[in-house]
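S.K.: Residue numbers (this note's numbering), protein chains in the order written: chain A, 1 to 280; chain B, 1001 to 1263.
Everything labelled a hint here was simulated from the structure, so no lab data went into it.
The beta-carbon is built from N, C-alpha and C at its ideal position, and this holds for glycine as well.
The reader is advised that the hints may include incorrect statements.
Said to hold, decoys possible - What follows is a set of in silico ranges between Cβ atoms, one per label pair, in the way DEER data are often shown: (1) B:Gly1110 - A:Lys124: 22 to 30 Å; (2) A:Asp27 - B:Glu1242: 18 to 26 Å; (3) B:Lys1237 - A:Ile223: 35 to 43 Å; (4) A:Ile223 - B:Glu1232: 55 to 63 Å; (5) B:Leu1115 - A:Lys124: 23 to 31 Å; (6) A:Asp27 - B:Thr1064: 35 to 43 Å.
Unchecked claim - Pairs of lysine-lysine residues, derived as DSSO-like cross-links and limited to a Cα-Cα distance of at most 30 Å, are as follows: (7) B:Lys1121 - A:Lys141; (8) A:Lys78 - B:Lys1019; (9) B:Lys1145 - A:Lys268; (10) B:Lys1165 - A:Lys221; (11) A:Lys141 - B:Lys1237; (12) B:Lys1168 - B:Lys1031; (13) B:Lys1145 - A:Lys24; (14) A:Lys218 - B:Lys1145; (15) B:Lys1003 - A:Lys141; (16) B:Lys1124 - A:Lys221; (17) B:Lys1165 - A:Lys141; (18) A:Lys166 - B:Lys1145; (19) B:Lys1003 - B:Lys1237; (20) A:Lys78 - B:Lys1030; (21) B:Lys1109 - A:Lys141; (22) B:Lys1121 - A:Lys221; (23) A:Lys218 - B:Lys1121; (24) A:Lys141 - B:Lys1062; (25) A:Lys133 - B:Lys1003; (26) B:Lys1182 - A:Lys166; (27) A:Lys133 - B:Lys1124; (28) A:Lys133 - B:Lys1109; (29) A:Lys218 - B:Lys1237; (30) B:Lys1124 - A:Lys24; (31) B:Lys1199 - A:Lys78; (32) B:Lys1182 - B:Lys1197; (33) B:Lys1121 - A:Lys133; (34) A:Lys166 - B:Lys1237; (35) B:Lys1077 - A:Lys166; (36) B:Lys1190 - A:Lys166; (37) A:Lys24 - B:Lys1077; (38) A:Lys78 - B:Lys1124; (39) A:Lys24 - B:Lys1237; (40) B:Lys1168 - A:Lys133.
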Amino acid sequence: MILGTLEQSLIFAFMVLGLYISYKILDFPDLTVDGSFSLGASVVAISLVNGIDPIIAMILACIAGSLAGFITGYIHVKYNITNLLSGIIVMSGLYSINLRIMGRSNIPLFNINTMFTSGNALLKIILLLIVVKLILDFILKTKFGFALRAMGDNEVLLISLGINEKNIKIIGLMLANSLVAFAGGLLAQYQGFSDVGMGTGTIITGLASIIIGESVFKETKFINMTLLVILGSVMYKFIISITLTLGMNPGDLKLITSIIVIAIMGSKNIKKFKGGAKLA
Amino acid sequence: MLKLNNLNKSFTNNLGITKNIFTDLNFHMKKGDFVSVIGSNGAGKSTLFNLIMGNTELDQGKITISNKNITNFPKYKRNNFMSKVYQNPSFGTSPSMTVFENLSMADNKGEAFGLTFGLNKKRKNYYRETLAELDLGIEEQLDTKVGSLSGGQRQCLALIMATLKKPKLLLLDEHTAALDPKTSKIIMNKTSEIVRKEKIATIMITHNLQDAIDYGNRLIMLHEGNIILDIEEEEKKSLSVEKLLNIFNEKHIKPKDNEVFIG
Chain A
1 MILGTLEQSL
11 IFAFMVLGLY
21 ISYKILDFPD
31 LTVDGSFSLG
41 ASVVAISLVN
51 GIDPIIAMIL
61 ACIAGSLAGF
71 ITGYIHVKYN
81 ITNLLSGIIV
91 MSGLYSINLR
101 IMGRSNIPLF
111 NINTMFTSGN
121 ALLKIILLLI
131 VVKLILDFIL
141 KTKFGFALRA
151 MGDNEVLLIS
161 LGINEKNIKI
171 IGLMLANSLV
181 AFAGGLLAQY
191 QGFSDVGMGT
201 GTIITGLASI
211 IIGESVFKET
221 KFINMTLLVI
231 LGSVMYKFII
241 SITLTLGMNP
251 GDLKLITSII
261 VIAIMGSKNI
271 KKFKGGAKLA
Chain B
1001 MLKLNNLNKS
1011 FTNNLGITKN
1021 IFTDLNFHMK
1031 KGDFVSVIGS
1041 NGAGKSTLFN
1051 LIMGNTELDQ
1061 GKITISNKNI
1071 TNFPKYKRNN
1081 FMSKVYQNPS
1091 FGTSPSMTVF
1101 ENLSMADNKG
1111 EAFGLTFGLN
1121 KKRKNYYRET
1131 LAELDLGIEE
1141 QLDTKVGSLS
1151 GGQRQCLALI
1161 MATLKKPKLL
1171 LLDEHTAALD
1181 PKTSKIIMNK
1191 TSEIVRKEKI
1201 ATIMITHNLQ
1211 DAIDYGNRLI
1221 MLHEGNIILD
1231 IEEEEKKSLS
1241 VEKLLNIFNE
1251 KHIKPKDNEV
1261 FIG
């Protein structure tokens, strides 16, 4: 059980890294992820059924995810639709698109070659995750990465540096959603099926992982933000799996997650308030 | 350098009442001109900046910088030619990034933000020296996040970042108004020094009449969208706050008490 939880949590870590880009760096609460997670799974499932190589299927999933991110970003900057609403619009549109892609609401992948048919699944996932983490760390240290970080921080500054802030927003969302779709595709291969509803609650899972990671490791040296969100994702999955072994109904999981998010965010604010009272 | 030709701008409010801010405004400035702009609230100072920056669309008219017509340029493209320092210190910097990261970013203004390494290590010593001249201790904090600097330190950093790539035009929007008198003085002197050394055409909006007189080689007064006073060079040197106040009164403009700091 521990191995399975670890593997799953590391698969979700790709999604959390994506959400970290949109939610934390760009300061964009991107609800598209609920749709793009399933999108990645749908694309991978239909590709595998049609005999496409599992790795190429993953690349297709990334492209599909980045397209979803592009649409969210485009309608946000072009038509001035608020960030929250842009995400919701694309997310609900994606539900129908995912059904169209798969042709039905779920596709089983048993007896089909996936990335995990042979070899050590955990090792493969960890290697992939390290590569993605290092690429992301590199990107955030480049000039483009600086522009991304400044975007969420201070849009006025970005414009004053002669950067087209709209493009940065769109590219950031494309990057974020391609990671989310990648996670969705990987999960479909890992668990051997794709379901149109598997993305529901992705945003809250990701959010919980990020804030758990932050509240535990924020002050720790040698743990940068990307490692922090990966660790957060692992911790979150273990918390959930422990609650399940304690006899909790799986249907209550989303509620538990929401309560965890509220509890951590709330406790932070209570601390802040107390700190303020002391000063006064 | 900067030419504003026949600018027209009006706003229509919710009740359908149209208010003309500028009617055929003309304004030219030379390279190296340092113009102080004074005028009471509603005179059109901020709208002028917004039109130059591209935050507000022109109804009619033409804006050129160094013979380049930028009237139809989007905001971010105009910023290749100009920089602005805001009244609010947090507008000019990125708080969650370090001082070094902020300066490296500013050093890349107008160029591609691609996948090359972001920190500009070659210029680190230059940054340190430039910051040390301010004597505010920022040079010791290159790896500190800007969010934990004081307002004055942040504003100094914003000024340095805005002028690092020698823009053709520098816009200062009451950039010392939110600071204590000492820091405000440091920033004003640094501004004047940079502008003179780099010969950057500068427009400074201020409510501090003494600053408007002390700094720059030209002073204009805006009133209801018109330039009602334009004083240059030698004539400007003979100005005093009293004289300016008299002109204010002659034109029947009553400055508010808090707009007049003497000293």
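S.K.: Compare the structure with each hint and give your call.
M.R.: Structure-based check of each hint:
Range check, glycine 1110 of chain B to lysine 124 of chain A: Cβ separation about 44 Å, and the 22 to 30 Å hint is violated. Aspartate 27 of chain A and glutamate 1242 of chain B have their C-beta atoms about 50 Å apart, which leaves the hinted 18 to 26 Å range violated. In this structure, lysine 1237 of chain B and isoleucine 223 of chain A break the distance hint of 35 to 43 Å, their C-beta atoms being roughly 60 Å apart. Hint check: isoleucine 223 of chain A to glutamate 1232 of chain B, Cβ distance near 60 Å, so the stated range 55 to 63 Å holds.
A C-beta distance of roughly 27 Å is found between leucine 1115 of chain B and lysine 124 of chain A, which places it inside the suggested range of 23 to 31 Å. The hinted range of 35 to 43 Å is satisfied by aspartate 27 of chain A and threonine 1064 of chain B, whose Cβ atoms lie roughly 36 Å apart. Of the supplied pair hints, the one linking lysine 1121 of chain B and lysine 141 of chain A holds, its CA atoms being roughly 13 Å apart against a limit of 30 Å. For the hint pairing lysine 78 of chain A with lysine 1019 of chain B, the CA-to-CA distance comes to about 29 Å; that is within 30 Å, so the pair holds.
For a cut-off of 30 Å, the pair hint linking lysine 1145 of chain B to lysine 268 of chain A stands: about 21 Å separates their Cα positions. Of the pairs offered as hints, the one joining lysine 1165 of chain B and lysine 221 of chain A is violated, with about 35 Å between alpha carbons and a cut-off of 30 Å exceeded. Taking the CA atoms of lysine 141 of chain A and lysine 1237 of chain B, the gap is near 49 Å; set against the 30 Å cutoff, the hint is violated. The hinted pair formed by lysine 1168 of chain B and lysine 1031 of chain B meets the criterion: a straight-line CA distance of about 8 Å does not exceed 30 Å.
Proposed proximity of lysine 1145 of chain B and lysine 24 of chain A is supported: the alpha carbons are some 16 Å apart, at most 30 Å. Distance restraint check for lysine 218 of chain A and lysine 1145 of chain B: the Cα-Cα separation of roughly 15 Å lies within the 30 Å cut-off, and the hinted pair is therefore satisfied. Of the pairs offered as hints, the one joining lysine 1003 of chain B and lysine 141 of chain A is violated, with about 40 Å between alpha carbons and a cut-off of 30 Å exceeded. Only pairs whose Cα atoms come within 30 Å are accepted, and lysine 1124 of chain B paired with lysine 221 of chain A is accepted, the gap being roughly 24 Å.
Between lysine 1165 of chain B and lysine 141 of chain A the CA atoms are separated by roughly 21 Å; this keeps the pair inside 30 Å, and the hint holds. As the CA atoms of lysine 166 of chain A and lysine 1145 of chain B are separated by approximately 25 Å, the hinted pair is consistent with the 30 Å bound. Taken as a hint, the lysine 1003 of chain B and lysine 1237 of chain B pair is honoured in the structure, with Cα atoms around 25 Å apart against an allowance of 30 Å. Between lysine 78 of chain A and lysine 1030 of chain B the CA atoms are separated by roughly 37 Å; this puts the pair beyond 30 Å, and the hint is violated.
Of the pairs offered as hints, the one joining lysine 1109 of chain B and lysine 141 of chain A holds, with about 17 Å between alpha carbons and a cut-off of 30 Å not exceeded. Distance restraint check for lysine 1121 of chain B and lysine 221 of chain A: the Cα-Cα separation of roughly 23 Å lies within the 30 Å cut-off, and the hinted pair is therefore satisfied. Annotation: proposed proximity of lysine 218 of chain A to lysine 1121 of chain B holds, straight-line Cα distance about 27 Å (limit 30 Å). Between lysine 141 of chain A and lysine 1062 of chain B the CA atoms are separated by roughly 40 Å; this puts the pair beyond 30 Å, and the hint is violated.
Taking the CA atoms of lysine 133 of chain A and lysine 1003 of chain B, the gap is near 50 Å; set against the 30 Å cutoff, the hint is violated. Straight-line distance between C-alpha atoms of lysine 1182 of chain B and lysine 166 of chain A comes to about 39 Å, which puts the hinted pair past the 30 Å bound. The straight-line distance between the Cα atoms of lysine 133 of chain A and lysine 1124 of chain B is roughly 28 Å, inside the 30 Å bound, and the hint therefore holds. With a C-alpha separation of about 28 Å, the suggested pair lysine 133 of chain A and lysine 1109 of chain B falls inside the 30 Å cut-off, and the hint holds.
Taking the CA atoms of lysine 218 of chain A and lysine 1237 of chain B, the gap is near 56 Å; set against the 30 Å cutoff, the hint is violated. With a CA separation close to 28 Å, the supplied pair lysine 1124 of chain B and lysine 24 of chain A stays within the 30 Å bound. Proximity of lysine 1199 of chain B to lysine 78 of chain A is assessed by CA-CA distance (about 38 Å); at most 30 Å being required, the pair is judged violated. Taking the CA atoms of lysine 1182 of chain B and lysine 1197 of chain B, the gap is about 23 Å. The hint holds against a cut of 30 Å.
Straight-line distance between C-alpha atoms of lysine 1121 of chain B and lysine 133 of chain A comes to about 24 Å, which keeps the hinted pair within the 30 Å bound. At most 30 Å may separate the alpha-carbon atoms for a hinted pair to count; lysine 166 of chain A and lysine 1237 of chain B exceed this at roughly 46 Å. A C-alpha spacing of about 12 Å is found between lysine 1077 of chain B and lysine 166 of chain A, which places the hinted pair at or below 30 Å, so the restraint holds. Of the pairs offered as hints, the one joining lysine 1190 of chain B and lysine 166 of chain A is violated, with about 34 Å between alpha carbons and a cut-off of 30 Å exceeded.
Restraint check for lysine 24 of chain A and lysine 1077 of chain B: the C-alpha separation of about 27 Å stays at or below 30 Å, so the hint holds. Distance check on the hinted pair: lysine 78 of chain A and lysine 1124 of chain B sit about 39 Å apart at the alpha-carbon level, beyond 30 Å; violated. Between the alpha carbons of lysine 24 of chain A and lysine 1237 of chain B the distance comes to roughly 52 Å, so the proposed pair goes past 30 Å and is violated. For the hint linking lysine 1168 of chain B to lysine 133 of chain A, the alpha-carbon distance of about 41 Å lies beyond 30 Å, and the restraint is violated.
The structure shown violates the earlier hints numbered 1, 2, 3, 10, 11, 15, 20, 24, 25, 26, 29, 31, 34, 36, 38, 39 and 40.
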